Amino acid sequence: MSDFMRQSLDSAATSAPPWLQDYLRAGRARWESASLPTRKTEQWKYTGLQALQPSYAPAADGAIVLADAGVELPRFGGYRMVFVNGHYSPEHSDAQLPVGVSLVRFANADTSQAARIRSYLGTVVGQDQALFTALNDAALADGVFLDIAPGAVIEQPLHVVWLSGNQAEAFSINQRLLVLCGESSSASLIEHFTGARSEQQSFTNGVTELLLEAGATLCHYRLQLEEAEALHIGRVHARLGADATLNSFHLALGSVLKRVDVVVDHSGQGAHCELNGVYLPRGEEHVDYHTCIEHRVPHCTSSEVFRGIIGDAATAVFNGRIHIHRDAQKTKAELSNRNLLTSTRAEVNTKPELEIYADDVQCAHGATVAQLDEMSLHYLRTRGVARAEAQVMLSFGFINEVIDTVRCEALRDYLRVLLTRRFARDPALVGSVS
Amino acid sequence: MLEIENLHASVDGTDILKGLNLSVKAGEVHAIMGPNGSGKSTLGHVLAGRPGYTVTAGSVNFLGQDLLALETEERARLGLFLAFQYPVEIPGVSNMEFMKAAVDAQREQRGEKPVDAVTFMKSARETCKAVDLDPGFLKRGVNEGFSGGEKKRNELLQMMMLQPRLGILDETDSGLDIDALQVVARGVNSMRSPERAFVMVTHYQRLLDFIEPDFVHVLAGGRIVRSGDKSLALELEARGYAWLEDEVA
Ligand SMILES: Nc1ncnc2c1ncn2[C@@H]1O[C@H](COP(=O)(O)OP(=O)(O)OP(=O)(O)O)[C@@H](O)[C@H]1O
Ligand SMILES: [Mg+2]
Numbered sequence: 073m074s075d076f077m078r079q080s081l082d083s084a085a086t087s088a089p090p091w092l093q094d095y096l097r098a099g100r101a102r103w104e105s106a107s108l109p110t111r112k113t114e115q116w117k118y119t120g121l122q123a124l125q126p127s128y129a130p131a132a133d134g135a136i137v138l139a140d141a142g143v144e145l146p147r148f149g150g151y152r153m154v155f156v157n158g159h160y161s162p163e164h165s166d167a168q169l170p171v172g173v174s175l176v177r178f179a180n181a182d183t184s185q186a187a188r189i190r191s192y193l194g195t196v197v198g199q200d201q202a203l204f205t206a207l208n209d210a211a212l213a214d215g216v217f218l219d220i221a222p223g224a225v226i227e228q229p230l231h232v233v234w235l236s237g238n239q240a241e242a243f244s245i246n247q248r249l250l251v252l253c254g255e256s257s258s259a260s261l262i263e264h265f266t267g268a269r270s271e272q273q274s275f276t277n278g279v280t281e282l283l284l285e286a287g288a289t290l291c292h293y294r295l296q297l298e299e300a301e302a303l304h305i306g307r308v309h310a311r312l313g314a315d316a317t318l319n320s321f322h323l324a325l326g327s328v329l330k331r332v333d334v335v336v337d338h339s340g341q342g343a344h345c346e347l348n349g350v351y352l353p354r355g356e357e358h359v360d361y362h363t364c365i366e367h368r369v370p371h372c373t374s375s376e377v378f379r380g381i382i383g384d385a386a387t388a389v390f391n392g393r394i395h396i397h398r399d400a401q402k403t404k405a406e407l408s409n410r411n412l413l414t415s416t417r418a419e420v421n422t423k424p425e426l427e428i429y430a431d432d433v434q435c436a437h438g439a440t441v442a443q444l445d446e447m448s449l450h451y452l453r454t455r456g457v458a459r460a461e462a463q464v465m466l467s468f469g470f471i472n473e474v475i476d477t478v479r480c481e482a483l484r485d486y487l488r489v490l491l492t493r494r495f496a497r498d499p500a501l502v503g504s505v506s
Numbered sequence: 011m012l013e014i015e016n017l018h019a020s021v022d023g024t025d026i027l028k029g030l031n032l033s034v035k036a037g038e039v040h041a042i043m044g045p046n047g048s049g050k051s052t053l054g055h056v057l058a059g060r061p062g063y064t065v066t067a068g069s070v071n072f073l074g075q076d077l078l079a080l081e082t083e084e085r086a087r088l089g090l091f092l093a094f095q096y097p098v099e100i101p102g103v104s105n106m107e108f109m110k111a112a113v114d115a116q117r118e119q120r121g122e123k124p125v126d127a128v129t130f131m132k133s134a135r136e137t138c139k140a141v142d143l144d145p146g147f148l149k150r151g152v153n154e155g156f157s158g159g160e161k162k163r164n165e166l167l168q169m170m171m172l173q174p175r176l177g178i179l180d181e182t183d184s185g186l187d188i189d190a191l192q193v194v195a196r197g198v199n200s201m202r203s204p205e206r207a208f209v210m211v212t213h214y215q216r217l218l219d220f221i222e223p224d225f226v227h228v229l230a231g232g233r234i235v236r237s238g239d240k241s242l243a244l245e246l247e248a249r250g251y252a253w254l255e256d257e258v259a
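Protein chains in written order, with the numbering used here: chain P, 73 to 506; chain L, 11 to 259.
These are computed hints drawn from the structure, not numbers from a lab.
DEER-style ranges, computed between Cβ atoms:
{"no.": "1", "chain 1": "P", "residue 1": "442", "chain 2": "L", "residue 2": "139", "range": "35 to 43 Å"}
{"no.": "2", "chain 1": "P", "residue 1": "442", "chain 2": "L", "residue 2": "96", "range": "17 to 25 Å"}
{"no.": "3", "chain 1": "L", "residue 1": "131", "chain 2": "P", "residue 2": "442", "range": "28 to 36 Å"}
{"no.": "4", "chain 1": "P", "residue 1": "107", "chain 2": "L", "residue 2": "96", "range": "52 to 60 Å"}
{"no.": "5", "chain 1": "P", "residue 1": "241", "chain 2": "L", "residue 2": "145", "range": "51 to 59 Å"}
{"no.": "6", "chain 1": "L", "residue 1": "196", "chain 2": "P", "residue 2": "356", "range": "53 to 61 Å"}
{"no.": "7", "chain 1": "P", "residue 1": "442", "chain 2": "L", "residue 2": "252", "range": "39 to 47 Å"}
{"no.": "8", "chain 1": "L", "residue 1": "119", "chain 2": "P", "residue 2": "385", "range": "33 to 41 Å"}
{"no.": "9", "chain 1": "L", "residue 1": "145", "chain 2": "P", "residue 2": "425", "range": "39 to 47 Å"}
In this text, all values refer to a predicted model and were calculated from it rather than measured experimentally.
Don't be surprised by glycine CBs; every beta carbon is placed ideally from N, CA and C.
Make a model of the complete structure from these sequences and hints.
Given below as C-alpha cells:
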C-alpha cells in the first residue's frame, strides 16, 4: 500500500461538526478500502501520482499578508469570500451577502442549514467512484454551502477564493463546495484557486457539487492559478434539472500535477450546458482534464470547447466523454478540443469518447493537435509585425476565442490581462513554426 | 523605387516566374493583367517573402535595398504592402489589435513610441468610414467571417492606416460591387503621391477607368510579355490574351 494511503485522517474527525461525523465515517470507510490508481487504471493512464508525498500535514490556520505573499486578489464587483490554507479568512472576505443568497461554512451552519447540507451533500458527486472524493469526504472538516433561493436573480458574481500560503511542511487541503441553485434562480460563481509565489509544496483535493433545479441558470468559473509545486486534484460534478442552464469555464495554469474531472449530468428535459476551458502547462508541468457529459433525458443540448497550449516539456491530457443514454432522444452534443504545441518536447494525449445509445441525436466532435498556422503568421508579418510578436498574438488569439465565451465582463477583462502578462513573459507559450 | 530583374521563382518545385522584369518609379501606377495562373499572385507573394516561394534567379531592389535579403516584416517596415487576393482569416486576434500592432511596428522602425490607444481608435474609425466599413469590424477577428467584399475593404483599410511607399493590390477589385469599386478607387487615388507607387493586379478594365494607370503590363507564362499605356487594357478587353500568347510562342 502506498504511504499516501496511510495518512492520518484523525484531525479532520475531531474538528468536523457533530452532524457531519457519520458522513466522514462513511467516506473514511470507502477511502480505507480503496487503493491508489496506477497507470494501469484506464482513467489514470497518462497521469501518474508519484508526485504525491507520502504524507501531508494538515494546513495551518495562518494569517497572510497578501502583498507580502505576492498575491493580488482581484475584485469582480460582487461578494468575495476568502480561505487561506483551507481556513476562512474574515479580514479578506466581505461581510454583506446579496439578498437571496446564503453562503455558509459547514463549521458555522445552524441547525436548519446543517439539515439542508446533509440532505444534499454527496448526492451529486455520488459515492461509488472516485478515490479522491472518498478522501475528500473522509477529511471534510469545513466546506462551503452556497444556497441560492428559488427565483433569486443575483447580478454580481460570487467570488470564492482558495488561497494557499506558506507553511513549513508540505500540507494538504480538502476543499469542498456545495451549490444549490433554486428553481428559476440565476447567479454566477467564481471559484478561484491561487497561491503565494513560492516553492511551497501543497496538495489540494477539491470537490465541487453543483445542483441546478428546474429553470436555474448558473455561470460557474473555475480558475486554477496555483504555482508550480501546487498539486491539485479536483472534481466538479453538476446535475441539471429541467430547462436548467450551466455556463462553465475552466482555466488551468500548469503545476507538477493537475487533474480535474468534470461531470455534467443532464437529468431534466431541456437542460443545456456550455463547458469550456483552457489549459496552459509549461516547463515540466502536467494538466489533465477528464470531462464527461451525461445525457439521460430527451431534448438537452451540450457544447464543449477546450483548448490548450503546451510548452517546453509539459504534458497535457484531455479526455472528453459524451454519454447519450437510450432515452435521450433529440440530444444535441458538441465537443471540440484543440491543442497547440509550442515545443517539440511538449506532449498531449487527447481522446474524445462517445457512447451513444439513442438513435435520434446530433453529436459532433473533433480533436486536433497542431502548431501555429504558418499562413496566419505570414499575414501578420506582411504588415510589419515581428515574428516573435506575431507568434504571441496568434497563441493568445487561439485561447482568446474561448475567453470570449466567459459572460462575466469583469472576469473576462481580468483573464485577458492575466494571460497577456503570462504570454508576454513566457516564450514557452509562444508557438514556433519551423 | 522597385527594380525587378530577370526574376525566376518556384513554388513547391514548380517554376512559376520565368525571367520577369519590371521597373516602378515613385509616383507611378502600374496595372498588371494576364490570364489565370500566369503568376501574378506569385509575384506579389515573392515580393512579400511568403514561405515556400523560392527565388531561383534574378534580383529585386526596393528603395535601394536588396529586397530578397530581408525578412517579411522588414520589407513591410520599409514600406512594401501587399493587399492579398485571398486575405487570411485569423479568429481570436481582433482586427483592431492586429492593426495597432502593425502601425506600432512601423512607428518603432521610425524610432517613435507606440501610438496611444485613443488616438489610434479615432484614426481607425475615420479610416473605416473612408472605406465604407462599419467600425464594428474593428472588434471582430481579423477577416473572420467577413464577406469577400468586406475582406477587400479591410485590406484597403490596412493600407490606408499603414501608408506604405509601394502598394501591391492583388485583385482588390475582384468580387466588388460597383459602389465598393469606387470606394477602393477613391482610397487609392487619395493616397497617390509623388512619393508613392502602386502595382495593381486586375482582370478588369473598369478599375482602370477609376484609377488611371501610367503603365499596363501583361503577365503571361511567368514573364511580362507586353507593356503599354492604358490603351493596352482596352485592347485586351476587346481581344483577350490569346493573340499575345500566340505572339510569344
Ligand atoms: N504549391 C504549388 N505547387 C504547384 N503549383 C502552384 C502552387 N501554388 C501555385 N501554383 C501554380 O502557380 C501558378 C501561378 O499561380 P498564381 O496564383 O500566381 O496565378 P495568378 O496569375 O495570380 O492567377 P489568377 O488570375 O487566377 O489569380 C498557377 O498555375 C498555380 O496553380
Ligand atoms: Mg492571383
